[in-house]
Amino acid sequence: MTGDQFPLWAAIAVSVLLVAGSLLMLAGCIGMVRFRSFYQRIHAPTLGTSFGTIFILAGSVVYFTVTQLRPAVHEVLIFVFVSVTTPVTLMLLARAALYRDRIERVQDVPASKDPLDNAEMQTSKKPS
Amino acid sequence: MSSEVLLTVLIVLPFLSSLVAGSLPANARNAEVWLAGAVALIGLAITMSFYPDVTGGDVVRYEIPWLPSAGLNLVIRMDGFAWIFSMLITGIGFLVVLYARYYMSPKDPVPRFFAFFLAFMGAMLGVVTSGNIIQLVVFWELTSVTSFLLIGYWYHNANARDGARMALTVTAIGGLALLVAMLLVGHVIGSYDLDAVLASGDTLREHTLYTTILVLMLLGAFTKSAQFPFQFWLPRAMAAPTPVSAYLHSATMVKAGVFLLVRFWPVMAGTEEWFWIVSSAGLITLVMGAYAAIFQQDLKGLLAYSTISHLGLITTLLGMGTPLAAVAAIFHIVNHATFKASLFMAAGIIDHESGTRDLRRLSGLFKYMPFTGTLAIIASAAMAGVPLLNGFISKEMFFTETAIRNPNMFANLALPIGAIIAGIFSVAYALRFVCGVFFGPPPTDLEKVPHEPPSLMRIPIEVLVLICLIVGIIPGIAIGPYLATAVVAVLGQDTPHYSLSIWHGFNLPLLMSIGALVGGVILYIMLRPYLALGVEGPPLMRRLVGQRIFERILVTISWKWAKSLERWAGTRRLQPQLFLLVLICVVTAWFALRPGFGPVKLQLSGWDPGFVILWLVGIFCAIAAAHQAKYHRLASLVLMSGAGLVTCMTFVWFSAPDLAVTQLLVEIVTTVLILLGLRWLPKRFQKGDADHIALPTKLRRYRDIVLGVFAGGGVAALSYAIMTRTAVPDGISRFFLERAYTEGGGTNVINVMLVDFRGFDTFGEIAVLGIVAITVFALLRRFRPAAESVEKPEQQRIQNAYDNLRPNRQSGDTVNEYLMIPSVIMQWMFPVIIVLSAYIFLRGHDLPGGGFAAGITMSIGFILQYMAGGTRWVEDRLRILPVKWIGTGLLIALATGLGAWAFGYPFLTMAFQYAELPIIGKVPMAAALFFDLGVFVLVVGATVLILIALAHQSVRSPKAARSSVLPTHAVEPPPPPTLETSTVEAPGGAS
Numbered sequence: 201m202t203g204d205q206f207p208l209w210a211a212i213a214v215s216v217l218l219v220a221g222s223l224l225m226l227a228g229c230i231g232m233v234r235f236r237s238f239y240q241r242i243h244a245p246t247l248g249t250s251f252g253t254i255f256i257l258a259g260s261v262v263y264f265t266v267t268q269l270r271p272a273v274h275e276v277l278i279f280v281f282v283s284v285t286t287p288v289t290l291m292l293l294a295r296a297a298l299y300r301d302r303i304e305r306v307q308d309v310p311a312s313k314d315p316l317d318n319a320e321m322q323t324s325k326k327p328s
Numbered sequence: 002m003s004s005e006v007l008l009t010v011l012i013v014l015p016f017l018s019s020l021v022a023g024s025l026p027a028n029a030r031n032a033e034v035w036l037a038g039a040v041a042l043i044g045l046a047i048t049m050s051f052y053p054d055v056t057g058g059d060v061v062r063y064e065i066p067w068l069p070s071a072g073l074n075l076v077i078r079m080d081g082f083a084w085i086f087s088m089l090i091t092g093i094g095f096l097v098v099l100y101a102r103y104y105m106s107p108k109d110p111v112p113r114f115f116a117f118f119l120a121f122m123g124a125m126l127g128v129v130t131s132g133n134i135i136q137l138v139v140f141w142e143l144t145s146v147t148s149f150l151l152i153g154y155w156y157h158n159a160n161a162r163d164g165a166r167m168a169l170t171v172t173a174i175g176g177l178a179l180l181v182a183m184l185l186v187g188h189v190i191g192s193y194d195l196d197a198v199l200a201s202g203d204t205l206r207e208h209t210l211y212t213t214i215l216v217l218m219l220l221g222a223f224t225k226s227a228q229f230p231f232q233f234w235l236p237r238a239m240a241a242p243t244p245v246s247a248y249l250h251s252a253t254m255v256k257a258g259v260f261l262l263v264r265f266w267p268v269m270a271g272t273e274e275w276f277w278i279v280s281s282a283g284l285i286t287l288v289m290g291a292y293a294a295i296f297q298q299d300l301k302g303l304l305a306y307s308t309i310s311h312l313g314l315i316t317t318l319l320g321m322g323t324p325l326a327a328v329a330a331i332f333h334i335v336n337h338a339t340f341k342a343s344l345f346m347a348a349g350i351i352d353h354e355s356g357t358r359d360l361r362r363l364s365g366l367f368k369y370m371p372f373t374g375t376l377a378i379i380a381s382a383a384m385a386g387v388p389l390l391n392g393f394i395s396k397e398m399f400f401t402e403t404a405i406r407n408p409n410m411f412a413n414l415a416l417p418i419g420a421i422i423a424g425i426f427s428v429a430y431a432l433r434f435v436c437g438v439f440f441g442p443p444p445t446d447l448e449k450v451p452h453e454p455p456s457l458m459r460i461p462i463e464v465l466v467l468i469c470l471i472v473g474i475i476p477g478i479a480i481g482p483y484l485a486t487a488v489v490a491v492l493g494q495d496t497p498h499y500s501l502s503i504w505h506g507f508n509l510p511l512l513m514s515i516g517a518l519v520g521g522v523i524l525y526i527m528l529r530p531y532l533a534l535g536v537e538g539p540p541l542m543r544r545l546v547g548q549r550i551f552e553r554i555l556v557t558i559s560w561k562w563a564k565s566l567e568r569w570a571g572t573r574r575l576q577p578q579l580f581l582l583v584l585i586c587v588v589t590a591w592f593a594l595r596p597g598f599g600p601v602k603l604q605l606s607g608w609d610p611g612f613v614i615l616w617l618v619g620i621f622c623a624i625a626a627a628h629q630a631k632y633h634r635l636a637s638l639v640l641m642s643g644a645g646l647v648t649c650m651t652f653v654w655f656s657a658p659d660l661a662v663t664q665l666l667v668e669i670v671t672t673v674l675i676l677l678g679l680r681w682l683p684k685r686f687q688k689g690d691a692d693h694i695a696l697p698t699k700l701r702r703y704r705d706i707v708l709g710v711f712a713g714g715g716v717a718a719l720s721y722a723i724m725t726r727t728a729v730p731d732g733i734s735r736f737f738l739e740r741a742y743t744e745g746g747g748t749n750v751i752n753v754m755l756v757d758f759r760g761f762d763t764f765g766e767i768a769v770l771g772i773v774a775i776t777v778f779a780l781l782r783r784f785r786p787a788a789e790s791v792e793k794p795e796q797q798r799i800q801n802a803y804d805n806l807r808p809n810r811q812s813g814d815t816v817n818e819y820l821m822i823p824s825v826i827m828q829w830m831f832p833v834i835i836v837l838s839a840y841i842f843l844r845g846h847d848l849p850g851g852g853f854a855a856g857i858t859m860s861i862g863f864i865l866q867y868m869a870g871g872t873r874w875v876e877d878r879l880r881i882l883p884v885k886w887i888g889t890g891l892l893i894a895l896a897t898g899l900g901a902w903a904f905g906y907p908f909l910t911m912a913f914q915y916a917e918l919p920i921i922g923k924v925p926m927a928a929a930l931f932f933d934l935g936v937f938v939l940v941v942g943a944t945v946l947i948l949i950a951l952a953h954q955s956v957r958s959p960k961a962a963r964s965s966v967l968p969t970h971a972v973e974p975p976p977p978p979t980l981e982t983s984t985v986e987a988p989g990g991a992s
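Sequences listed follow chains R and G, in order. Just so you know, the first sequence maps onto residues 201 to 328 in this note's numbering. Just so you know, the second sequence maps onto residues 2 to 992 in this note's numbering.
In short, the hints are calculated from the structure, not lab data. Honestly, I wouldn't trust all of these hints.
[As the list claims (entries may be wrong)] Simulated restraints, written as ranges between beta carbons of each label pair:
hint, chain 1, residue 1, chain 2, residue 2, range
1, G, GLN811, R, VAL233, 29 to 35 Å
2, G, TRP829, R, PHE235, 28 to 34 Å
3, R, MET291, G, THR743, 49 to 55 Å
4, R, ARG241, G, LEU579, 52 to 58 Å
5, G, THR672, R, ARG241, 20 to 26 Å
Ideal Cβ positions, reconstructed from N, Cα and C, are used throughout, including at glycine.
With the rest of the complex left out, here is chain G:
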């Protein structure tokens, strides 16, 4: 297979199989494991197959043009460094899958776990193989989202929810900063391509924006890799299932941050700013993490802080800016992934087999699980940097780097001292882990007798520990060539000479190593009495918790500020809100238009008197509608439709039949819908005299009038100026007029524009329409009217009383009698309206009409049925499921658009053809017709849904007819009656 296919499979396969995994049945544990394991192994195999192509700094690229004009192409790029990361992601991913098979309880919903897991793996592979820096950010954010889902997997647990939320907030904010950084990089370099960026390090470093870019990029990397001061989310993320922790916090998620630092090391590093920010943040994290790790009571907490500390070590190395330090950093990334993954898994086994992770309750487990114990001890030794294990080599490289004499005072003192202290601490917490869990007296307060896990569950740990040992003993053979591949990919020409051997002679770094080991042992022995007290949290740092600061900030932003903002500009204060909105519009428009509109000719001659009268009527209607809106809503609505009709006639006057038809239909539907809604608005009564209005109120009204006149007059002037200007000869309208038939196959230019030239716009618009309808439905589903509108309208009460008094009549008879003849006519009109709607739909491509107008017409038919038969009558008979219609319409439109791909055209390209049909004759058969069908179906669905939602309110009479509120098939069942009563009878209608 070609490398293109392989690379695509590598990225796409995890996502696809994530979908598959999510749709498997809940008890398909083994199928899930087979699937996820196979995906990981395939990924591993693909990665391995690329090894010959990436050695010696070679790069494999696969570019998929997406938006070449904007410099945005999907680039999958595999080089040595991405290769070694892909190996870690897929390899450890496979081991974690195997481990999770035995770790996850049969009661846990495994499909969700493996679906998230695979998606996360895909996102991580996407990050490391991105050849476009924007693409990198997209995958980066995907890892944030998927890790959020993984950490919050046990969402019934409050800790898991909080931890997941915190991880998402912190890393996603970092991701945003990273996005800005990448956009700036693209701005400076002129390309988003990673190769182009890597080739222009000097440009970037000398640019004035360098510091900004650096800070933003580091925000991204530090939040992801839990560097000071963003380290606090990582321990909280330990609420995740242990396989997740083993994967996320050893090889993947947190390594994305240091991956980014290494990736951009060649272009960003080497400056003063880089050195100071990166190495100091790294050093603080290194020491603080190690210090905090000693005092953790939770096994996973200890490992979490140790992870933070090791990430700090890597960051410190990268901050130093020397090529040798970068080599050490890359090496330590690999080593840490192996030993930390195995330690997390061991911690999971201990938790699984003994029932607790609390170090205060665990002890002497070696007797019960000698095998696991041995593995954990070796892995901890690697973590502490004991010779003959992989951790030792990279740690010694770290000591070597820190010990190099540096002209910089800080570097000369702080780095080696910090390194030694952190080394001592890390030995101490490794000892605590080992001695606390495995040695000492047998455990006393465990719920079950600990025992060895199933041997398959131990295999992942065995493999990882074996790697630790092999790399530690024969580093040159075991890891040398692969490390070299990765290093050359990053450093290129600057690759220094380095040696991976264990014995470099008796020198300063070795002395530091020995010092750290001895110091760690002594520290642990000294601390034992204190640790035996079992106090939670590290001394001196207990108050300084980043997490608490984070929470306080979050509370301030999302609660206090949000509340005051809501108080100030919430929907309950619509008036100031609208005032501000209009004011801002007016001011902005005024600033933008200060240079003037250009020449505007105000022609006073040649006005048709009929048209002038028409408009005067329209203007009167509009103003009167505004005037009556407060106390006489019905009159206002009638006047508004008057203004609408005038608009419609204006369109006819100026030969715009399409607009006129649509305007007329929309006018009818909106009037009826608003009419239905009016009944639920609280009543308003005009107070006696208008003279006693307080002065502030008066002033406010004058202010509003002035603003309204300005806004309205401004819009009118603007429209006039635009519409009276002479058309540009090569303007867009000519293009449409000329091409409508030749390229769109329709003579109705408006319709061709809607379904063909501007099909994508229309697609977006119908999607919005569907969303609006669903929103209306959702809002009205739990709608409770204000207390004063709960009662039935007066007329209904009178009529029902009249009917109830007579023995031969039932409640509702009067209204039925009154509507007898109209309802017969309306019901007879229904088929006629359907035919009309079909007619409008079919002629749309060539003559005024189209899917939208047809859909509205169809819904007028439904409105008439509601009027004729009443809500219950219609709901009993309605066979339309509006939500499905909305979805179907959208899908039809989408499928038509996608159909163009099948013929090799861009999305939404419409073919057209005339077809000969029997009887009817020659009819245009444009693909646009199907698109229009989608529009039609969606419009019908959306309008009917809104109609149902509004009309259904009348059935929900809260007091008298409670028992008769029956769920119907067309509407979601109304909430249970108990809820309804309690809300309605609450004083003042608390809704």
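Just chain R, with the same shape it has in the complex:
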């Protein structure tokens, strides 16, 4: 595929979408580094997995629709799977972190609603 066959408007559209998506991804990555705590950090990658992904996939749709001269919509599937699975992963991670912090009695973690919890967890934990 050379520049001659690829229309300019499409090239501009694809580029803008790709750059936008990549910038969101980059912002997410910077956030991963910059944020202080785990609970803050866990929000950062969502920039990339939500609109970052959407923009890049949209760019892909435009590019392949133009070059293959028929609508390319496979990317919708990718979007569906990413948006279904990523939150689950992040949620698991967050709950695991919270659980652990409660057991280890890290101070700035919201306590469990059950008042017995923390005491019991402490007693049942073996000194290691």
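Given chain R, put chain G in place with the hints provided.
For chain G alone, coordinates are given in the frame of chain R:
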């Protein structure tokens, strides 16, 4: 029918019917006998029908091309000598079948007996009719294996087991030597064809390798024919059922050795080496066997040693190297087969009808079984060489040969003297057999009153004894033409003039015969007081037992050496093992690559910075994984998958989507599987300070680092050198690229290579995968974790304690709550993953994908189910039987490969075609798709099996939840709880 068909039937039929015999019900005695008898009779009839074709030295050959380029064709070759052997094998085989019908107790599992028996008969026929010397060795080893099974038939008996093992060890080692000898013969002559070998005796005898070949070949023959110093296995093999002994030690197994000597007599014999080795080994065996036979207390032991002695006689004759001696040897092979088979059968009857084979307890049986007695007496007389019986004629030929004046001092003295002594001994043990069993006072301590056997059981003996008599009285008519056929087939132009008549005038051999007879009688009378003492074993030789030496060697090799080797390089010392392995690789590679790789261009320009960063990340991950591996296994595993992902991206970078897909999927599965396994590894805690490491440890680590750098750097350099070199214009890759579509019908070259061009490789690889999965399963089935990992993980304990404290909660609720949403998603993903796997599978032939990737994808679906629902939940619902899937996959792949035969193409040729399907449209329908289906099914089965095996460990909590360990349909039931407790509670986890 054409001779080709008949020859094939002769060899194949016994093996096929062996399979049939093995699958008949355990009580189908008569059906078994009918089957085996019919097979033997058909073999006999086929052999007889070949007689007109093999007289006068003619040969019938049937050649089936197998690997013509390597000179390996299956050749079935029938000549006069093979003919007479086939007659013995099938004829005596039939009689033994008939005899076994009455001998075997209804309690014995007869299908096994007749299955082994028929397989042995087939192997023996294969040996004698092999026209290719490699094929001969294959059948030779088959006789070793099948005779092992036959001798060990009563495997509940320790003697039978030991005897069988000894026979197998000795004869199989000889078989290996024989294989080497045959390979050398092929190397010298340039062909493995027996006719070509027989035609080039001079080349062979004058070659520098002659002595080596001779020694190796004789090792094979002597071990098989129980020649000194390998004679010790034969008496031990008497633990076999008597029909087996009658067959193996008269007509077949032990005769294979002398068969080989006769077969190669025209090309190998006639040299000094041959004469010295063969005739001295034969003579020692002849005299020693006969001597030992006199003093045996066991009836079958006596016959066994007598067999050894007679085989020694045949070997001695062959060793002399004169054509006349060879004639005598062939004649004696036939005679010995007839009288020894009948004697073994008689011994079996005596054992069967009186309850013992001990000569000390038997006596005076003639009154109880006059008919059997008469037959046994005639057969023993033939064995002793009494005139008017067949043994006499061949023995007199032997005396004639030994008595010929020979320029050689040894031959001139030792041969006739040895012959006479052995003759005297053989008369003595024959007398002992007859007088000890049948004459004297009536037996006193027998469990039952002896009586005549059923008349049908006696028929085989009657037939054989009749043959002994006929051959002995009218040898010229009864055996003359057949013997001549066999002799001409072996000797060809050199066939001497010989006479089979009984009376040659009053000459030296006759004098020797008479001397042996008289001497034997006198010796027996002199020995009677000693024999009456009932001492076990022959005097003077009691300490010199080959068997004991053999056992000592075996103990040294298989116990002492094996133990020290295990201590030195066992799995418990993995570190030195791996160090040595890597060191050897590095050193070998260094030697091999010393000339250099050729031109290697190290390009520093034109590197993509993105790719460089990617690789730096990958390298960091790999090194960090190694660094963390000792104390932080989880971190190490995460880093390793990082390196794996970098590899995957590299593949994408270089446009190898197939590899990338596979890499990604495999990475996912292995990470999860290793994660499951990590939990059972013993914990390791880093000790406080790293400064106090002992100097040797430090040095060892530096040594390992240096070696690791060398090995890793070497492999990297090697790969770089190979991958950067300019492609050969006519190289193999172009071939694949050009032919993938035109000949394989697929545009995905990788997949076409896997399922079509290199289908056979893939077939082997999936077989390996299946074996690995089953091995993992087998190892983990009885897996007991180390004592420190038995306890549940800390998190689980905390959570369960939390749950147990609350009345409205059950143990495990917390984790279920935490996983609630993920598990819903994971379970919803299952059908999606199945569709994805089907998609990857179907597009495989033309686009990246294929059976392997699809199978792995499918198993990821199962892994997710395990994560979502837990082990018990999945095992309750799993409807996959992984072992069956593995087998089915392999069978589908095999069937696809075999399908090509139906259309006249070689194995694994894949047809392809486009088919029009409704709705979907045009789809490629290559036969390769079915092959790929086999791959898919096997991969799913193998991965799921490994997964089950690993995941099931978590259910096996040893202490608390013992009662809840329930067997599931997907997994073999775990061992009974008692076993589990005892092992776990043993101090220190003895596993």
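Outcome of the hint check:
1. A beta carbon spacing of about 43 Å between GLN811(G) and VAL233(R) contradicts the range 29 to 35 Å that was offered as a hint.
2. At about 32 Å, the beta-carbon gap between TRP829(G) and PHE235(R) stays in the expected band of 28 to 34 Å.
3. Range check, MET291(R) to THR743(G): Cβ separation about 53 Å, and the 49 to 55 Å hint holds.
4. Between ARG241(R) and LEU579(G) the C-beta distance comes to about 40 Å, which lies outside the given range of 52 to 58 Å.
5. At about 23 Å, the CB distance of THR672(G) to ARG241(R) agrees with the hint of 20 to 26 Å.
Violated hints, listed in ascending order, are 1, 4; each of the other numbered hints is respected by the structure.
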